[in-house]
Amino acid sequence: MLNNLFKKKPKDSPTGKEANTAEYLGLSKTLEKNIALFKSIFENDETLVIREFQNKNLKAARCCILYIDGMVNSEIINQNIILPVLRNDLSVNIESDNLLNELMCKVIVSNDVKEKADINEIVGSIIYGDTLFLLDGYDKALIISTKGWQIRSVTEPDSAKVVRGPREGFTESILVNLSLLRRKIKNPQLKFRFKEIGERTHTRTCICYIGNLASMDVLSQLEQRLEKIKIDGIIDSGYIQELIKDAPYSPFETVGSTERPDVIAAKLLEGRIALFVDGSPFVLTVPYVVVENFQANEDYYNNYIFATMNRLIRGFTAVTSITIPAIFLSLVTYHQEMLPTPMLLSISSSRQNVPIPTVASLFIMLFIFDVLREVGVRMPTPIGQTVSIVGSLVLGQAAVEAKLVSAPVIIVTAITGITTLINMNFISATIIFRTLLLLGAAFLGIYGFLLCFIILYLHLMSIRSFGVPYMMNVTKAQNHDGQDAWIRAPWWMMTTRPKIIGGRDLPRQPQSKNEKG
Amino acid sequence: MRKEQIIDKEAICLLISFIIGSTLIVGVSGSSKNDAWLSSITGFVMAVPVLLIYSRILTLYPQKDLFDILTLVIGKIAGKFVTVVYTLYAFHLGSLVLRNFGEFMNSFAMPETPMIIPLVAMGMVCIIAARLGVEVLGRTTTYFLPGIFLILLIVQLLALPQLHINYLKPVLGNGITPVLKDGYSAFAFPFAETVVFMGVFDALKTPKSPKKVYFLGVVIAAAIITITTVRNIAVLGNMLGSFYFPSYEAVSRISIGNVIERIEITVSFVFVFGVFVKTSVCMMVAGKGIEKLLNLKSYRSIIIQIGVLMILFAQIIYDNIMQMRLWAFKVYPYYAFPMQVILPVIIWIIAEIKNRKIRKMYSNADQKAEDQQ
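Residue numbers (our numbering), protein chains in the order written: chain A, 805 to 1321; chain B, 4 to 376.
Looking at chain A on its own, in the form it has when it is part of the complex:
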């Protein structure tokens, strides 16, 4: 299968098409013709820099370098390519006839130099920041690695800040990201497999896993799905996340994403597989099951009791963010007898003189909350004060005082909104199913709520992530799978990896190996 993968590559590679339209002749032996060839390939692209020069001692050594401005480190080019070639007394130092080879071996100072003749590969490398070195009289060229563009430095990601734990986050450069990961897992079993996706953008992606831990089924499935992607451009890993999803219409994510190297390292150690995408600080992980929505990296660094409590809070709020409005609605409109009398009285007195029915006011307030949330993300930071004042005072207090909505509705909306924000991972699912449950409750009271809740569960049970049931199939789960699900067991207790992911070599701490043996 691997062979197939590599064989297909040149055929799929769209550079072929572009080169075909220009001239698919290959390099010629004259320097001028070669330069003209590259000029025609990069027609109307004025970032291409062509610099011709000549060794002062050996007149035959007419050379030329080509690179894309801005993608290269010009210091390397000046100091390690041009200077040695210009200054070196070639007429004395050169022994064999193959001048190009001699230059590569003895003159050019670079850690990565390759001799290439294939136009497609050469063009690809130039675009990716390498420098092309042409020599008169040779139909081969040298590709010298001179990549050097501006990248964001490694900082703490804004999307997931921690109090305790490593503070570095991924950047937009795939190689920096891989090095961040490599620094955490120093093991030759850590495998990296590159693959280009995107007919036009040629985005580099990297499948990363630990050779003797990851499940081969999942790996081959991932490769098949990536192979099937035919898209012209990948700008962010979000594209791939949606393209390789198991249940495309489901609002639940079945592919995880994170910005933190420590999370990726931990997931790889559990037998998962990561997918790095160049240009995106978000790295994908598969398979992804429901409890991962509630796991935070800090859980594993803090005391286990505290971590368990936080995790339970996340799980509980996830349920409340979906169900609270519907339960409230069915209690106050259909099943008032369930409420204790004093509570019922206070609720109904606050509902007096309110013209809008509870259902409508709930929908309106939840919608307004979502509007506020979106404004909070989109607006420029300096005018943030306005939104909070308008949101809290005008829409909350003033609306109640003006008798447009009742106070309990505002409270329910606030609880729902805040609990939704705790679990940003599945906010789309929360919004969809919250609306569904609310409709059910408006329609048939608690019975409608219950029926819609059953639909939600049926949906959750039916989706899978790369063959692993999304809800982790409680009945099949072993003791050690539960240790890291709704609770976080102390580290000395978690002796095995989660079995459900399908990884191999389950023992994580040596004593369990003894038990097993």
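Since the hints were made in silico from the structure, they are not lab data.
All C-beta atoms, glycine included, are put in the ideal place defined by N, C-alpha and C.
There may be inaccurate statements among the hints.
[Claimed, not checked] Derived DEER-like restraints, expressed as beta-carbon distance ranges:
hint	chain 1	residue 1	chain 2	residue 2	range
1	A	Trp1290	B	Leu299	52 to 58 Å
2	B	Ile263	A	Leu1197	36 to 42 Å
3	B	Phe152	A	Thr1185	50 to 56 Å
4	B	Ile168	A	Gln1140	29 to 35 Å
5	A	Met1020	B	Leu299	31 to 37 Å
6	B	Leu183	A	Pro1144	43 to 49 Å
7	A	Phe998	B	Ser301	36 to 42 Å
8	B	Pro341	A	Lys1032	48 to 54 Å
9	A	Met1020	B	Ser301	26 to 32 Å
10	A	Pro1055	B	Ser301	23 to 29 Å
11	B	Ile263	A	Pro1055	32 to 38 Å
12	B	Leu166	A	Met1020	55 to 61 Å
13	A	Ser957	B	Ser301	16 to 22 Å
Please arrange chain B on chain A, whose structure you already have, making use of the hints.
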């Protein structure tokens, strides 16, 4: 497509919810008055032999469902005929259960809402479940059942102050005949209804487990039904038979310190969930029967039509709730007898004979092979 698989635990949970679902709320037949709990035990005891037969048939033909077994055992033509019988039975049973739910909603929860609305709402959820298949249904049930047990337990504990144990006396005051009669009615509804599970238990992962699954499931369900019946009698006394939905009535009398009262809605949670499981399973089995009958690729393509027909059938099946109770307790046991007892027994006997023959042939062949060696 991947073959669906359910493990024993999921199958047991399915069976429990299937059995307790409608029975918990409709209750066992009331003519035995305060001995109704005895009749639920009697019903379970009566059900043991047929359960043995069901599980034996399934064990003889592992990974095969009822309709495959019918063709294998009694031939193609007769098999098709019996397939029609079972398909209609599953279809009818599903409609009956759906109608139970409709009647309950119509007479207690929402008297002013036309019955078709709760029927359609429930029917749609069941269609979704039946389309997703038995594996998803099994897993969902396994997730929900602990919650259901918790509700039952809490309600049971909260009912303690209302219990009057002396309502249970005199035990067998009216003689044994009404108990046996009601026991038989409890045998037919709900215990022997588990015959429809033969249509979906081809998905069982381990081939030897039908016996274990059937027994654990039915024993737990019978225990729950008996305990609930005891509670209902102890709360309501002799009036038990005069209520349409005794559990609902019994729980509505719970009142703890003016805070926890009118919690009968929790009973209807159990009821809604049970009806959902039962109707979905029946829908699935009816679909599978038609799939085998018409040689379709998958029953999923016709499940929506079956579901809609079931909803409509449920709408016209009874005129009123009196007729429903009359049917459920007086007519149904005799109506269901062929499907629940006669046909399984015939299939079992023929299957046993055929299997003996095959085994003999195999052992003869083995011996011959040994002789030749």
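Can you give the numbers of the hints that this structure goes against, from lowest to highest?
-> Failing hints, ascending: 1 and 13.
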